[in-house]
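Enquirer: Top line first, the protein sequences correspond to chains A and B. Numbered according to the UniProt record's numbering, the first sequence spans residues 1 to 175. Numbered according to the UniProt record's numbering, the second sequence spans residues 1 to 454.
FYI, nobody ran anything at the bench for these hints, they're computed from the structure. Mixed in with the good hints there might be a few duds.
Quick list of in silico lysine-lysine cross-link-like pairs, BS3-like style, CA-CA up to 30 Å [what the hints assert, rightly or not]:
hint : chain 1 : residue 1 : chain 2 : residue 2
1    : A       : K159      : A       : K5
2    : A       : K128      : B       : K194
3    : A       : K128      : B       : K361
4    : A       : K23       : B       : K194
5    : B       : K194      : A       : K20
Not close to chain A: a few residues of chain B, all C-beta gaps over 12 Å, as computed [stated by the list, open to error]:
hint : residue
6    : W60
7    : Y179
8    : W208
9    : K285
Where is the CB? At the ideal position from N, CA and C, for every residue including glycine.
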Amino acid sequence: MSGNKNFVLGVYDDEDLLLKAIKDVRESGVKIYEVFSPFPVHGIDDVLGYKRSRLSIAAFLFGLLGTTLALTMQIGMMTFDWPMIIGGKDFFPFPTFIPVTFELTVLLGAFGMCGTFFVVSNLKPWAKPRIFDERITDDKHIIAVDIDKNSMSEEEIKKSLSAAGAQEVNNKSFE
Amino acid sequence: MHAEAVVRKPLVTGGKTVHDVTDDICKRVEEKPAKSWLLAMAVSLGLLTFGAYAVFRLVWDGIGSWGLNKTVGWAWDITNFVWWVGIGHAGTLISAILLLFRQRWRMSINRAAEAMTIFAVICALQFPLLHMGRPWIGALWALPLPNTYGSLWVNFNSPLLWDVFAISTYFSVSLVFWYIGLVPDFATIRDRAKGISKVVYGALSMGWTGGAKDWSRYETVALVLAGLATPLVLSVHTIVSFDFATSVIPGWHTTIFPPYFVAGAIFSGFAMVLTLLLVTRRVYKLEDYITMQHMELMNIIIMVTGSIVGVAYITELFIAWYSGVEGEQYAFLNRVSGPYAWAYWSMMTCNVISPQLFWFKKIRTNIAATFIISIIVNIGMWFERFVIIVTSLHRDFLPSSWAMFYPTWVDMGVYIFTFGLFFTAFFLFAKFFPVINMAEVKSIVKATGEKTDK
Chain A
1 MSGNKNFVLG VYDDEDLLLK AIKDVRESGV KIYEVFSPFP VHGIDDVLGY
51 KRSRLSIAAF LFGLLGTTLA LTMQIGMMTF DWPMIIGGKD FFPFPTFIPV
101 TFELTVLLGA FGMCGTFFVV SNLKPWAKPR IFDERITDDK HIIAVDIDKN
151 SMSEEEIKKS LSAAGAQEVN NKSFE
Chain B
1 MHAEAVVRKP LVTGGKTVHD VTDDICKRVE EKPAKSWLLA MAVSLGLLTF
51 GAYAVFRLVW DGIGSWGLNK TVGWAWDITN FVWWVGIGHA GTLISAILLL
101 FRQRWRMSIN RAAEAMTIFA VICALQFPLL HMGRPWIGAL WALPLPNTYG
151 SLWVNFNSPL LWDVFAISTY FSVSLVFWYI GLVPDFATIR DRAKGISKVV
201 YGALSMGWTG GAKDWSRYET VALVLAGLAT PLVLSVHTIV SFDFATSVIP
251 GWHTTIFPPY FVAGAIFSGF AMVLTLLLVT RRVYKLEDYI TMQHMELMNI
301 IIMVTGSIVG VAYITELFIA WYSGVEGEQY AFLNRVSGPY AWAYWSMMTC
351 NVISPQLFWF KKIRTNIAAT FIISIIVNIG MWFERFVIIV TSLHRDFLPS
401 SWAMFYPTWV DMGVYIFTFG LFFTAFFLFA KFFPVINMAE VKSIVKATGE
451 KTDK
């Protein structure tokens, strides 16, 4: 990222106030960069205009991959590569394939979805996150506004955040 | 206006604020270890060291150092394996099934319960690995890998192989579920820490910032994982029960095993969660988070699953008689009145009678009684697995080969090893990880909209 990024932060200490504040701030014409919270606030997606996450679709597709992989492996090994009669079962004992198929479906579904989550949310052990305020992970909710992405002046943004009940309004810059 | 209902009591007591939650939980991680913790660690490490010697002897001398004989070919190894896997079940049940049912009381206890799951499954894994005699190659034989015999593959018809897939999937999915839940809490510790801790918790938190978009994804992941883990929990112990149910041994070949094993697993798992949480809550002074309400609700689950297990025991006896199969009838008569009747009746007393005491509100809201019954239940569940396995084997189809099983010190030592492993891991977790899911608990601290109800 080149150049300085300048943000105005509105600090709130109550989730219900925060939800109302987001609505008010957006209505006043300010574009919100992101809202940070110490815990998931329900209803925040709607007021921010976020769409439902598609991670569940990723889980389904990875699960399907697991099912295919498990069936291909078992049928390939037991039916074609080394057919053997074990316990009187034939070369294609479909019912006995179900447990392993189920487990691999769950395994790939869960791992695939979690992997996708880490990638899209940029979560990795060596990540250098932009920490807007250390109190975000404690007890404060923060509305961050990118000054350069807004047509309004810094003063107007600050006024809008204060009018929406912010306890504090701060500036934060990143290299 | 602050309203408090009689029916839905607040889940966090003591008038805690969101900041208090952070302080109370992070303090345990940040402060120097207490003397009681050091003492507990010393005891667990002692158990671990003694047990490690038994494991060393086992691997060095071979499986002959166990008390097995030609009739009883499975005894403590599989008993302990099934027992530990069962204990693991409550953690995933609390985090997955109770999440799907929107049970918010799970939030204070899910972290410790999930940790217990992970450690219990690690302990369980020791037994199938060690019973192979040469675990360093035996472990590979269980995997579908090409081997030196040509393309002779593993046997997908065998429930023992299904176990390999079930337990490893269960372990890895539970681990991921647990870790994803920990990420926001690691970020909280990171933002308070200094020096080397900041680096360590910084890496563990994977750069979590708490953005609304991330929370939205996080909740989707948690919900879908819960949806995937719920049938997984049920499948794992069902498949473990197939190890017995698909065989032809009288006493094992039972269609009731899958649901009965799952109920038994939840029963013993909750008992172990209670044992651990009662101690953790006392030592860490977390009475405001893990309240009497939590204890009571868990006791009710123990009572319900204990009753299911009781019904299963009686059904087994009835069906053995009703089947008219002589071998089956003898196997159960032998359990009830044979040389292992003491184990059978210990199991009945511990698992069927003791949880019924929880019908009394005075008992299920009494900490000492809960603690004692939770331990009794765990002993009873160990006996359940022992009874199923050993009594069905020791008198087989040929009376001339009937035998008794006597454990050796190595049998006991390997069991002690897993206890050492479990408690060492749990105490390390309790010291260095947040024992309560802070992010989730913070969302239930406020019972009313007191700031907006003006």
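Enquirer: Give a verdict on every hint.
Expert: Structure-based check of each hint:
A threshold of 30 Å between alpha carbons decides the hint, and for K159 (chain A) with K5 (chain A) the separation of about 20 Å falls inside it, so the pair holds. For the given pair, K128 (chain A) sits about 16 Å from K194 (chain B) by alpha-carbon distance, which is consistent with the 30 Å threshold. Simply put, K128 (chain A) and K361 (chain B) have alpha-carbon atoms about 52 Å apart, too far for the 30 Å limit, and the pair is violated. This hinted pair does not check out: K23 (chain A) and K194 (chain B) have alpha carbons roughly 37 Å apart, beyond 30 Å.
Proximity of K194 (chain B) to K20 (chain A) is assessed by CA-CA distance (about 35 Å); at most 30 Å being required, the pair is judged violated. Listed as outside the interface, W60 (chain B) is consistent with that label: its C-beta sits roughly 34 Å from the nearest C-beta of chain A, beyond the 12 Å cut-off. Here Y179 (chain B) does not stay apart from chain A, with its beta-carbon only about 9 Å from theirs, under the 12 Å limit. Not every C-beta of chain A lies more than 12 Å from that of W208 (chain B), the closest at about 7 Å, which undercuts listing it as non-interface.
K285 (chain B), annotated as away from the interface, keeps every beta carbon of chain A farther than 12 Å; the closest lies near 20 Å.
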